[in-house]
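Enquirer: Protein chains in written order, with my numbering: chain A, 1 to 330; chain B, 331 to 660.
Note that these hints are calculated values from the structure, not bench results. Accuracy of the hints is not assured; some may be wrong.
Derived lysine-lysine pairs resembling BS3-like cross-links, with alpha carbons at most 30 Å apart [said to hold, decoys possible]:
1) K134/A / K161/A
2) K337/B / K516/B
3) K322/A / K640/B
4) K651/B / K640/B
5) K464/B / K340/B
6) K134/A / K10/A
7) K310/A / K322/A
8) K652/B / K310/A
9) K640/B / K652/B
10) K310/A / K321/A
11) K340/B / K372/B
12) K310/A / K640/B
13) K321/A / K640/B
14) K161/A / K10/A
15) K310/A / K651/B
Computed list of chain A residues with no C-beta within reach of chain B, every gap over 10 Å [to be verified]:
16) A66
17) V101
18) E105
19) K161
20) D220
No residue lacks a Cβ here, since even glycine has one placed at the ideal position from N, Cα and C.
2 protein chains.
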Amino acid sequence: MNRPDPKNVKQIACIGAGTIGGGMIAEFLARGYSVTAQDPGKDALASLERLLDQAWPILEQIGLTASASRERLRFTTDIEEAVAGADFVQESVPEDLELKVRIYERLDELVPPEIVIGSSTSGFPMTEIQRRCKYPERTVVAHPVNPPYLIPLIEIVGGEKTDPAVLDWAVSFYEAVGKRVLRMEKEIYGFMINRLQIALFREALQMIAAEQATVAQIDDCLTHGLGLRWASMGPFATFHLAAGDRGLGSFMDLHGSVEWRAPYVTETPLPDWTPELRARILQQAEEVIDGRTIPQMIEERNDTVIGLLKLREASRANAAKKHLGAAHAA
Amino acid sequence: MNRPDPKNVKQIACIGAGTIGGGMIAEFLARGYSVTAQDPGKDALASLERLLDQAWPILEQIGLTASASRERLRFTTDIEEAVAGADFVQESVPEDLELKVRIYERLDELVPPEIVIGSSTSGFPMTEIQRRCKYPERTVVAHPVNPPYLIPLIEIVGGEKTDPAVLDWAVSFYEAVGKRVLRMEKEIYGFMINRLQIALFREALQMIAAEQATVAQIDDCLTHGLGLRWASMGPFATFHLAAGDRGLGSFMDLHGSVEWRAPYVTETPLPDWTPELRARILQQAEEVIDGRTIPQMIEERNDTVIGLLKLREASRANAAKKHLGAAHAA
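Please work from the sequences and hints to get the whole structure.
Expert: Below, the structure written as structure tokens:
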């Protein structure tokens, strides 16, 4: 199959321009790609422009590619027009399986079979999405993390009919974009990112429903506790540092084998999403939001994440230099 | 009951001086308290000294209280000697319920009933720990997050026999120490912090056992994805920013009500902690550790967390200033 060179993609069609689609559009533009965005929504273009206004100063701080320009964006409500001439298609329509299946059926007809189509789905297996395609082998999940222009990770995983060479293509393409690619070999609902966060959210929801915790307390657990550690290192690296000089194995023997089951985890069914629970969460969330507007909170988050990415790199280099020095001196 | 003023504690007895106990000792010393540390371990004093050598430069960066000094530390292997004259007792013996029950029985005899005893237990309810005490009303869970001298959060929760006034006392005391206090009204195993992280770890372990993910991929999910967000904002604040300008309620309606159950979460029993699973995790963890020593990794983490705490404060202030300005101009 004569696919475009993944390192030399020029023209990208972005189907769906909401929070995630818009975030990918921002990132692609910042990396110098030409983008045709498609979205049938009445206010889609205006809200995309607002998203770009917000993202662009951040992307300038991260560093734009020389050829990057917001002028390279075209917008249309028409799918056929959007995909014409595209070297790659990123689909980010709402998370509704039947909608995705219909969109893929249509894209399959419109897009030449050598062109790869990646889905921003946050949880559906590609096997489900590609099931009515004539050329399913070029479809792949490419799930970014919100906001895509700021969070490096992207999950790549194929469906039953995806050609493994298309996975390779997608990995090369997103690495060229500058993403941190997580390639999964097995297809599961929610991939990795959402399985991990859903597990945590479920437990949070259980505690809130049982009045054992409030929304603000859950958020405090992350921002003043767990999130500070996970900003620096993942859970296994964190364990490795939690047992003196005995390391990960010793920590896991002590805690992982004993505590990771009831009564430390709620095993009753997840509470229903009732109007009462919804109202409780929204009311408690006021304490977290603390009068800040959404744009203000986004700006605050963006500043912190950019600073953190730089900080981490410096911390790693400093510690390595110092400990290498110590090892040499010893 | 004529308890010491929680804002005027001078002398603290720390029972157990391992990773957590030692971390609390470092923090208490940095805040100017006199500490008598007790630990029966053969190498306990030497490893406490190493921990303090590592923590002290960090605590200097955070800022020592004027009266802070490592000279205010005394060490003993004898519990009776340790608690003599203490205004407060912090217990951090290994996480073994029978051991804790025995230690509390002994502390209960040795420590005057007006003196509060706080436990660093990472998951046992105080009701279980205090069950053989004559004065259980002064015992309370005070669970810090490793490393205590760096991570602000501490969970405070009483047992059935804990006097609510003792909870108030503990909250005042730890606020004077400078902790971010999370006071729980209901007693559950694992409190909040560990319930949340155990839920996430369980899912990670399921994926690793099923060969759906590797240790390094799980850690990548946090350090290049989820952890970047949670370093800035908690999960509910994150949701609030993930639905355009529609906010939290809209996001939860779409995702929370549908996706937070199987097939997005593994509902099979947690795999047994077999030698095979243990070996797989340790082998895969090599990729995460990447040749770094534990002291090097600790230094790297400490640097990042300190920088992040400052960064976050600045990001919040900057965004508030800018958006307040915008609101005034509008």
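Enquirer: Compare the structure with the hints numbered earlier in the document and write down the numbers of the violated ones, lowest to highest.
Expert: 20
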